[in-house]
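Residue-level listing of the chains:
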Amino acid sequence: DAGVIQSPRHEVTEMGQEVTLRCKPISGHNSLFWYRQTMMRGLELLIYFNNNVPIDDSGMPEDRFSAKMPNASFSTLKIQPSEPRDSAVYFCASASSGETQYFGPGTRLLVL
Amino acid sequence: AQSVSQHNHHVILSEAASLELGCNYSYGGTVNLFWYVQYPGQHLQLLLKYFSGDPLVKGIKGFEAEFIKSKFSFNLRKPSVQWSDTAEYFCAVNAGYNQGGKLIFGQGTELSVKP
Numbered sequence: 010d011a012g013v014i015q016s017p018r019h020e021v022t023e024m025g026q027e028v029t030l031r032c033k034p035i036s037g038h039n040s041l042f043w044y045r046q047t048m049m050r051g052l053e054l055l056i057y058f059n060n061n062v063p064i065d066d067s068g069m070p071e072d073r074f075s076a077k078m079p080n081a082s083f084s085t086l087k088i089q090p091s092e093p094r095d096s097a098v099y100f101c102a103s104a105s106s107g108e109t110q111y112f113g114p115g116t117r118l119l120v121l
Numbered sequence: 760a761q762s763v764s765q766h767n768h769h770v771i772l773s774e775a776a777s778l779e780l781g782c783n784y785s786y787g788g789t790v791n792l793f794w795y796v797q798y799p800g801q802h803l804q805l806l807l808k809y810f811s812g813d814p815l816v817k818g819i820k821g822f823e824a825e826f827i828k829s830k831f832s833f834n835l836r837k838p839s840v841q842w843s844d845t846a847e848y849f850c851a852v853n854a855g856y857n858q859g860g861k862l863i864f865g866q867g868t869e870l871s872v873k874p
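Chains as they are written, first to last, in the working numbering: chain P, 10 to 121; chain B, 760 to 874.
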């Protein structure tokens with residue numbers, strides 16, 4: 010299996026632009042998680058889905074952030090408009106029915 | 760609310776020294792426990808996990824952890840560290856089936872091993 014796939018791996022954008030991060034979970038996994046990692050705040054859970062349905066989005070920082078999972082093999086995390094404080098590494102992880110989470114390689118986002 | 764506390768923010772050891780990283784959690788019910796490792800510039804990888812059974816679990820690369828329910832602890836150990844163990848280590852808890860797989864992570868412990 011290819012593991013969790015994320016794209017892009019690196020993204021540099023200017024403040025105010027829309028950013029879309031993509032994730033393909035491991036085939037057969039029914040849970041998907043979006044995390045953000047920064048030096049200041051560590052690893053934070055933003056949102057997670059079970060069977061394509063958002064279960065807990067309490068970690069989403071504000072309305073500028075949105076996430077979708079239109080099908081079992083694809084999810085997006087969108088930031089619109091982006092701000093410099095959104096600069097971080099964004100990880101996607103997937104799991105099967107509450108079992109071990111497997112992380113993707115992450116997207117390193119820099120907002121100038 | 761559930762929480763996970765890792766005792767040390769940064770640990771510095773020489774090669775061949777023994778390692779123990781502390782992890783405590785706050786939840787009184789059934790838990791699944793994990794240790795993840797993040798090598799510099801990489802993503803989190805599973806080191807070991809405890810779901811049930813023998814409270815002493817062995818993971819990859821010579822790591823082990825012991826679940827002590829009475830102490831709400833899941834400390835990570837390795838008898839002899841190597842320079843290649845330099846990384847950040849995260850303890851995590853999946854507390855309760857109603858959480859649907861949500862993990863609560865500790866703040867991480869950065870391990871630096873001097874050659």
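Quick caveat, the hints were computed from the structure, so don't treat them as lab data.
Warning: the hint list may mix true and false statements.
Quick list of in silico lysine-lysine cross-link-like pairs, DSBU-like style, CA-CA up to 35 Å [as the list claims (entries may be wrong)]:
hint, chain 1, residue 1, chain 2, residue 2
1, B, LYS828, B, LYS873
2, B, LYS828, B, LYS817
3, B, LYS873, P, LYS87
4, B, LYS817, B, LYS830
5, P, LYS33, B, LYS830
6, B, LYS808, P, LYS77
7, P, LYS33, B, LYS817
8, B, LYS830, B, LYS873
9, P, LYS33, B, LYS820
10, B, LYS873, B, LYS817
One-sided and incomplete, this derived list gives chain B residues near chain P with beta-carbon spacing under 7 Å [to be verified]:
hint, residue
11, GLY800
12, LEU807
13, GLY860
14, SER871
Some but not every residue of chain P turned toward chain B, in silico, with C-beta under 10 Å [unchecked claim]:
hint, residue
15, ILE35
16, GLY37
17, ASN39
18, SER40
19, TYR44
20, GLY51
21, ASP72
22, PRO79
23, ALA81
24, THR109
25, LEU119
26, VAL120
This one's a predicted model, so the numbers in the text were calculated from it and none came from an experiment.
Note that CB positions come from ideal geometry on N, CA and C, so glycine has one too.
Going down the list of hints, with the structure as the test:
1. Taken as a hint, the B/LYS828 and B/LYS873 pair is honoured in the structure, with Cα atoms around 33 Å apart against an allowance of 35 Å.
2. The straight-line distance between the Cα atoms of B/LYS828 and B/LYS817 is roughly 17 Å, inside the 35 Å bound, and the hint therefore holds.
3. Proximity of B/LYS873 to P/LYS87 is assessed by CA-CA distance (about 41 Å); at most 35 Å being required, the pair is judged violated.
4. Restraint check for B/LYS817 and B/LYS830: the C-alpha separation of about 20 Å stays at or below 35 Å, so the hint holds.
5. Simply put, P/LYS33 and B/LYS830 have alpha-carbon atoms about 38 Å apart, too far for the 35 Å limit, and the pair is violated.
6. For the given pair, B/LYS808 sits about 29 Å from P/LYS77 by alpha-carbon distance, which is consistent with the 35 Å threshold.
7. With a C-alpha separation of about 30 Å, the suggested pairing of P/LYS33 with B/LYS817 holds against the 35 Å cut-off.
8. The hinted pair formed by B/LYS830 and B/LYS873 meets the criterion: a straight-line CA distance of about 31 Å does not exceed 35 Å.
9. Between P/LYS33 and B/LYS820 the alpha-carbon distance is near 28 Å, which keeps this suggested pair within the 35 Å criterion.
10. At roughly 24 Å between alpha-carbon atoms, B/LYS873 and B/LYS817 fall within 35 Å of each other, so this suggested pair holds.
11. Taking 7 Å as the C-beta cut-off, the interface hint given for B/GLY800 is violated, the closest approach to chain P being about 9 Å.
12. At its closest, the beta carbon of B/LEU807 sits 10 Å from a beta carbon of chain P; the interface hint therefore is violated under the 7 Å criterion.
13. The beta carbon of B/GLY860 comes within 4 Å of a beta carbon in chain P, closer than 7 Å, and the hint placing it at the interface holds.
14. Hint on B/SER871 is violated. Least Cβ distance to chain P is approximately 16 Å, over the 7 Å limit.
15. Among the interface hints, the one on P/ILE35 is violated; its C-beta lies about 13 Å from the nearest C-beta in chain B, farther than the 10 Å criterion.
16. Interface restraint check: P/GLY37 against chain B, minimum CB-CB distance 14 Å, threshold 10 Å, status violated.
17. Checking P/ASN39 against chain B: minimum C-beta separation of about 9 Å stays under 10 Å; hint holds.
18. For P/SER40, the shortest C-beta to C-beta distance to chain B is roughly 5 Å, which falls under 10 Å, so the interface hint holds.
19. With 10 Å as the threshold, the beta carbon of P/TYR44 comes within range of chain B, its nearest partner Cβ sitting at about 8 Å, so the hint holds.
20. A cut of 10 Å between beta carbons decides the hint on P/GLY51: the least distance to chain B is about 5 Å, and the hint holds.
21. Given hint, P/ASP72 at the interface with chain B, is violated; its Cβ is 22 Å from that chain's nearest Cβ, farther than 10 Å.
22. A least Cβ separation of about 19 Å between P/PRO79 and chain B goes past the 10 Å threshold, and the interface hint is therefore violated.
23. Checking P/ALA81 against chain B by beta carbon gives a least distance of about 15 Å; that is not within 10 Å, so the hint is violated.
24. At its closest, the beta carbon of P/THR109 sits 6 Å from a beta carbon of chain B; the interface hint therefore holds under the 10 Å criterion.
25. Hint status for P/LEU119 relative to chain B: violated, with the closest Cβ pair at about 15 Å, above 10 Å.
26. Interface hint at P/VAL120: violated, since its Cβ lies 20 Å from the closest Cβ of chain B, which is beyond the 10 Å cut-off.
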